[in-house]
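**Student:** Sequence:
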Amino acid sequence: MSTFMIKRTMSLTAIAAAIALGGSLAGCGKEDVQKLLAEARQYEQKGEHKAAVIQLKNALQKNPEDRDVRYMLGTIYLKTGDGASAEKELRKAVSLGMDATQALPDLAKSLSLQGQFQKVLDETQSADTKANAVIASLRGNAYLSLGKKDQARESLEQALLAKADYPEALIGLARLALSQGDVAGANRLIEQATSKNPQHVESWLFKGDLERAQNRVDPALAAYGQVLAIKPGDAAAHIARAYVQIGSGKPKEAQADIDAAKKTNPNGLLVFYTQALLDFSQKKHAAALDSLQQVLRAAPEHMPSVLLAGAVQFALGSNEQAEQHLKKYLEQHPGNLYARKLLASALMKNGQTPRAIATLAPALKEESKDAHLYMLAGEAHMQARDFTKANEYFEKANALAPNTALVHTALGMSKLGQGENERAIAELEKAANLDARTPQAGILLVMTHLRQKEYDKALSAVLKLEKEQPDNPIVHNLKGGVYVGRKELANARASFEKAVTLQPGYFAAVQNLAQLDMQNKQPEAARKRYLTLLEQDKKNLQAMLALASLSQAQGMNDEVKTWLERAVADHPDAVQPAALLVGHYLRAGDKPKALTLAAKLQSTHPDDPKFLGVLADTQLANGDQRAALESFNKLAVLQPESAQVQYRIASTNLAMKDEVAARSALKKSQNLDPAFFPAQLALAGLEVQKERFEDALVIARQMQKQKGGQAMGHALEGDILMAQKKPAQAIGAYERGAAIEPNGLLFVKMHGALVQAGKGADADARIGQWLKDNPSDTRARLYVANYKLLSKQNKAAIEQLQTVVKLEPQNALALNNLAWALGQEKDPRALQYAEQAYKLAPENPAVLDTLGWMLAEKGDVARGLPMLQKASGLAPASADIRYHYAQALLKSGDKGLARKEIEQLLVNTKGSAKEEEARALLKQL
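Throughout the sequence shown, residue numbering follows the working numbering, covering 101 to 1025 in sequence.
Honestly, I wouldn't trust all of these hints.
Said to hold, decoys possible - Label pairs and their computed distance ranges (CB to CB):
hint, residue 1, residue 2, range
1, Arg-288, Lys-248, 17 to 25 Å
2, Asp-228, Glu-741, 54 to 62 Å
3, Ala-398, Asn-503, 26 to 34 Å
What the hints assert, rightly or not - Dumping the calculated DSSO-like pairs for lysine-lysine here, alpha-carbon to alpha-carbon at most 27 Å:
hint, residue 1, residue 2
4, Lys-192, Lys-219
5, Lys-427, Lys-734
6, Lys-363, Lys-441
7, Lys-363, Lys-352
8, Lys-449, Lys-767
9, Lys-710, Lys-621
10, Lys-710, Lys-734
11, Lys-383, Lys-449
12, Lys-661, Lys-598
Think of the hints as simulated: they come from the structure by calculation, not from any bench. Treat the numbers as computed from the prediction; the structure is a model and nothing was measured. Here a beta-carbon is modelled for each residue, glycine too, at the ideal position from N, C-alpha and C.
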């Protein structure tokens, strides 16, 4: 039974009578106390406790020293479950002359209600239990609650000697039997209690609870029905019966019982809790949360409500709030496996994988029969990229549930992570065969074949899936993806169209069709698809964001703004459109507007860490590092376990030149998550700046031992050696990293080390082979292009940049550099690429410089000069940009301002090659 007691309410007639009586008292003030006491007894006989209490309190106003009134008030408080108030009134009655022996049983009951079991024993110690079954029974139940089972049995048996078949003693013995695992004995004792005391409500309630605990639904319902036959409208029985109906999947019947309980006890906290439980079982999570808030405001320590609140918040996607409730519950009930698994799930959703693993650890110390526990542990280790451990837990889950599709799907994913592709595919095929109606395993199987570029096998798998799920739009969308891989674009389009026909609002398929339109250079067709989706669903967030992205690709900045502003207006609680709109304002140079929006969103969502993060980033973009630091510190309070937040605090402190605070935050970040690599890299960077190379190498070698950090650790070691001007040794470190996890960045670093070691030909050969094997690695291509530009190998740079632009037509940096390289070769296409780059990045100083200088050189000084002026303002330290600006001023005829720029340039470039060019330009004046 819950710790809540059901409080009865009086009838409307009784309320009216009480109001009328209160009015007459106010008028004359001479009512006889005995008359009020008699009326209170009448109300009490009808079960209208509140009306009785009102009359008794009125009587006490006339004579606060009346022991009979005090005593009766104490006994009514007992019936309504208010132990503290009952104790107060009963003690007062005894102090006024009430027989202490007569009051003792009721006083002991009031102490029991408050959980003061030792006090029950202390105050009844001298009572004659041989003749008093009530006292003996109360002492027995107090011993039982304190875990003193032998004394409990002795006292309860003494109660039965004093009064045969005494129901409270039989209930106590039944509880004792249950605590010793004797269910049959408990059943026998409660049968005795109900058969010998057929009108005793508590015996029937206990019997119902006992039957419910044994999953005997019909006998439980019968027992609660018996309570209601004895005492119609009893809220406790209605609530208990509602629990059974919820567990039996009978929501209508459960609601009827809850409604009946509300009539008797409309503000009862247990009523609210049961309503929340019913709503949760029906996935009405918002309604469940409303009811739970009613409970937790009045009783924040009611643990069943705390647990349910955690489950509801998790279902609503509010993982931070779920985490708070579940942590609180587990502090008091560490053995509750459901709460522990739910907390681990919330932590994984929040990206706090190490904490999720630590949360599950106590439950995994001993062998469990819970397959779901092992599945969760496997998923957590998958997130941590510890595929070996993940596979171990999935195998344990498989041993407990060997023919479960979900388990074999998980095993397949862990095998993929271990690089065992053939075994992974075998597990996924088994999962798909076990449950053809649930397409998850089949979809993953198709995707695995796609990842392996096994397009024929992927097609075979997806056709099999289609046969089982002919009307599943996801399957047809996936089939379209397979055809894209096979370069059968007509078939791909047909599959995507089929998916949209089956589900017109299926965004993934609409987006795939739009991408095919873009490949065919039909942006308006793509736009029309998204607009059609919006006609069907006027607040479709994905469609609005897609239209914003499409507009940005076409350089239609006003359209981008329109769509993002509409998305934010229609979805004020969504972080993604808000962050994108803030970013758009920043790119457009409207930093104050970005800050205003970010601040407004954070003020309307003060407890949402995501909006606070957006505000902090915007404050940084506005150059207000102190405000950003304050926001990040607030974020750390909301997310005290976040290594990422501490890392952002450290980065901000570094920008403010506070190395001590930065180092402290980085240490905190590492303590929270020892495998949070950005913090380790930053800390190593601080050590290198201070030339504490050995300390930096310690961090690098620590990373080399961590899961997922081996390659980064070797790369860091190479960087440290390069800082020590040891390129030959650095080459080996980079090679070791590339052997573990080959990637473009490592080959870029290796190229730099080889060049510095005097092995230029080897450097070019290695990175050339990497690009041959990985032709779509645009980052490595951009590096090679820049290297060639610096080496005055313009044609080689152009070749690389043209490949990048072909792969990424909206890459403003690549377009700008291509324009510059073509300009150096006097290629007329240079201006075209410079214009494209400017359309994509009108606030980038390098882009402004390229286009502005080209225009000035062609004689269009009127358009080029403002661009160069703006570029110079955005990047005042750039000697090249300032030099071009001075030349453009000279071309415009403004020799005075040109001289001023050149003189400033000479101050900034003293001792550099640019100084000679500046002096030569000065001579022209």
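**Student:** Now tell me if each hint is right for this structure.
**Tutor:** For each hint, the structure was consulted:
Distance hint check for Arg-288 and Lys-248: the Cβ-Cβ separation is about 23 Å, which falls inside the suggested range of 17 to 25 Å. For Asp-228 and Glu-741, the Cβ-Cβ distance of about 58 Å falls inside the hinted range of 54 to 62 Å, so the restraint holds. Separation of Ala-398 from Asn-503 is about 48 Å and departs from the stated range, judged on CB atoms against 26 to 34 Å. With a C-alpha separation of about 18 Å, the suggested pairing of Lys-192 with Lys-219 holds against the 27 Å cut-off.
In summary, the hint linking Lys-427 to Lys-734 is supported, as the alpha carbons are separated by about 21 Å, within the 27 Å threshold. Proximity of Lys-363 to Lys-441 is assessed by CA-CA distance (about 37 Å); at most 27 Å being required, the pair is judged violated. Between the alpha carbons of Lys-363 and Lys-352 the distance comes to roughly 17 Å, so the proposed pair stays at or under 27 Å and holds. Straight-line distance between C-alpha atoms of Lys-449 and Lys-767 comes to about 25 Å, which keeps the hinted pair within the 27 Å bound.
Simply put, Lys-710 and Lys-621 have alpha-carbon atoms about 37 Å apart, too far for the 27 Å limit, and the pair is violated. Annotation: proposed proximity of Lys-710 to Lys-734 holds, straight-line Cα distance about 12 Å (limit 27 Å). Among the hinted pairs, Lys-383 with Lys-449 is consistent with the structure: their alpha-carbon atoms are about 20 Å apart, no more than 27 Å. Taking the CA atoms of Lys-661 and Lys-598, the gap is about 33 Å. The hint is violated against a cut of 27 Å.
Checked against the numbered hints given earlier, the structure breaks hints 3, 6, 9 and 12 and satisfies all the rest.
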